[in-house]
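Asks: Each chain, letter by letter, is given below.
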Amino acid sequence: MILWIIKRDLLLAMRRRADVLTTLFFFIIVVSLFPLGVGPEMNTLRIMAPGIVWVAALLASMLALGRMFSGDYTDGTLEQMLLSPVSLSALVMGKAIAHWLITGVPLVLIAPVLGIQYDLPAESLMVLTLSLLMGTPVLSLIGAIGAALTLGLRGGGVLVSLLVLPLYVPVLIFGAGAVEASAAGLGFEAHFSLLGAFLLVSVVCSPWATAASLRISMG
Amino acid sequence: MAINWFKYASPATFYFLAGRMIPFFTVVAVLLLLVGLYISFFVAPTDFQQSEAYRIIFIHVPAAWMSMFLYLIMAFWAGIGLAFNTRLSSMVASAIAPTGAMFTFLALWTGAWWGKPMWGAWWVWDARLTSELILLFLYIGFMSLQAAIDDPRRADKAGAIIALVGVVNIPIIYFSVQWWNTLHQGASVSLVQSPKMATAMLTGMLIMALAAWMYSIAMILIRTRSIILERESRTAWVSELKEGVTRS
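Line by line, the protein sequences give chains A and B.
All residue numbers for the first sequence refer to the working numbering, where the first residue is 1 and numbers rise by one.
All residue numbers for the second sequence refer to the working numbering, where the first residue is 1 and numbers rise by one.
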């Protein structure tokens, strides 16, 4: 069931490739704006790079949240999903995974290139990519709750940022922290363990909370 | 005889009960506030390190306590409302949010006023300050979500979910911020290692905290009453109430 919904959402995304690319280019533009704002001093940029890339990833992932349920909501598919006998949590899980594949994975893949712009050493690039790989699914899972709660509301896009961004804080801290720790010569394993813990907790709790939110929003 | 608590879960009954309780809590709050302020300004000794500027803790610490307690209480009532579908619990939860946000803001604001003479900076990225700021965002998120939803029952339930998700996240956020802070810099500015408090200072602070509690209860009851009236405006008992008011 999960596989089916992932396949379906990916197919839908592939039919509207521009949406996927918009998120990716938003990410690239935000990351590229910072040097223009703070100046081209390489030493400063190298220190700021992990934080900038992570904040941009947070924003990009959040901007794409609106699309997670809204298409299915407007054409009535979501209602059928709620009525179907299969577990709504599983469906939500599938949709969150699809959202991550569409918006998270491209960010992870492009991140090393952006890191090079900031003159990050090879090890930091690797840690940055791995931390994004572990952190972006958490963003999709937490974001799903916000997307479900704001479904069909006026100003939903702005509202979802208010709801979701404070909850993203721990992921940001340890995602960017892992890169900084490795650059400082400290171990980044502790950061990765915590990111992994966030991932596990959100895998368990978020689909359930999202399903409850969807029932409320559609109720 | 056992009290039938379910009787007071009805908004119509609670409205009048709250109306009788509000004067009591208001009076107690005012009295405690007067005593607390007197102790804070005239009885409590001048701190030998921080001189007179420390006196802001009599507002700051109670506000910070209330901001955290009220979020927990709000999430508790919102959760009860979600689980048992009791309308009144959700109304109380919505009534708590503005008071909680106000105390969070007050804690941040007075903290800045305290920080300037003590640390020489309005704001430092200390773990407590940062998590208090995020708490303010959580309150604002809760209130704006409820404000954006027109159907009050949906607003109650949606708010409950975001409040509960917030409660699960508060410890995670707090410890994340704390570890993040210790990673960046040593605890150069810590509120914990303040010198031992004089008894008068502690008494003053506790009385102010109690005053803040009583104030919060009175405010929450007043706001709950307004919410009840707003939501029940089409019911028979509210129209009777309206007629009674115009007649007298």
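Hints are computed from structural coordinates only; laboratory data are not their basis.
A quick note: this is a predicted structure, and the numbers were derived from the prediction, not measured.
Just to be clear, a hint being listed does not mean it is correct.
Stated by the list, open to error - Among the chain B residues that face chain A by a calculated CB cut under 10 Å, a handful are:
| # | residue |
| --- | --- |
| 1 | I134 |
| 2 | I161 |
| 3 | A236 |
Said to hold, decoys possible - Covered by chain B, according to a simulated footprint, are these stretches of chain A (three or more residues, beta-carbon under 8 Å):
| # | region |
| --- | --- |
| 4 | 41 to 48 |
| 5 | 76 to 89 |
| 6 | 171 to 180 |
Unchecked claim - If you want the ones that stay clear, here's a sample from chain B, every Cβ over 12 Å from chain A, calculated:
| # | residue |
| --- | --- |
| 7 | W5 |
| 8 | G115 |
| 9 | A155 |
| 10 | V165 |
| 11 | V177 |
Backbone N, C-alpha and C define an ideal beta-carbon position, used for all residues, glycine too.
Asks: Now tell me, hint by hint, if it's right for this structure.
Replies: Evaluation of the provided hints:
A hinted interface residue such as I134 of chain B counts as satisfied when its beta carbon comes closer than 10 Å to some beta carbon of chain A; here the least separation is about 5 Å, so the hint holds. Using the Cβ-Cβ criterion of 10 Å, the hint placing I161 of chain B at the interface with chain A is satisfied: the shortest such distance is roughly 5 Å. At its closest, the beta carbon of A236 of chain B sits 27 Å from a beta carbon of chain A; the interface hint therefore is violated under the 10 Å criterion. Check result for the region 41 to 48 of chain A against chain B: violated, 0 residues qualifying (beta carbon to beta carbon below 8 Å, three or more required).
Coverage of the region 76 to 89 of chain A by chain B is violated. Counting CB-CB distances below 8 Å, 0 residues qualify, and the rule asks for three or more. Note: the region 171 to 180 of chain A has 4 residues with beta-carbon separation from chain B under 8 Å; the three-residue rule is met and the coverage holds. No Cβ of chain A comes within 12 Å of the Cβ of W5 of chain B; the nearest lies about 26 Å off, and the non-interface call holds. Separation of G115 of chain B from chain A is adequate, the least Cβ-Cβ distance of about 21 Å exceeding the 12 Å criterion.
Listed as outside the interface, A155 of chain B is inconsistent with that label: its C-beta sits roughly 10 Å from the nearest C-beta of chain A, within the 12 Å cut-off. With a minimum CB-CB distance of about 6 Å to chain A, V165 of chain B fails to clear the 12 Å threshold, and the non-interface call is violated. Its closest Cβ contact with chain A, about 7 Å, brings V177 of chain B to no more than 12 Å, contrary to its assignment away from the interface.
Going down the numbered hints, you'll see the structure goes against 3, 4, 5, 9, 10, 11, while the others check out.
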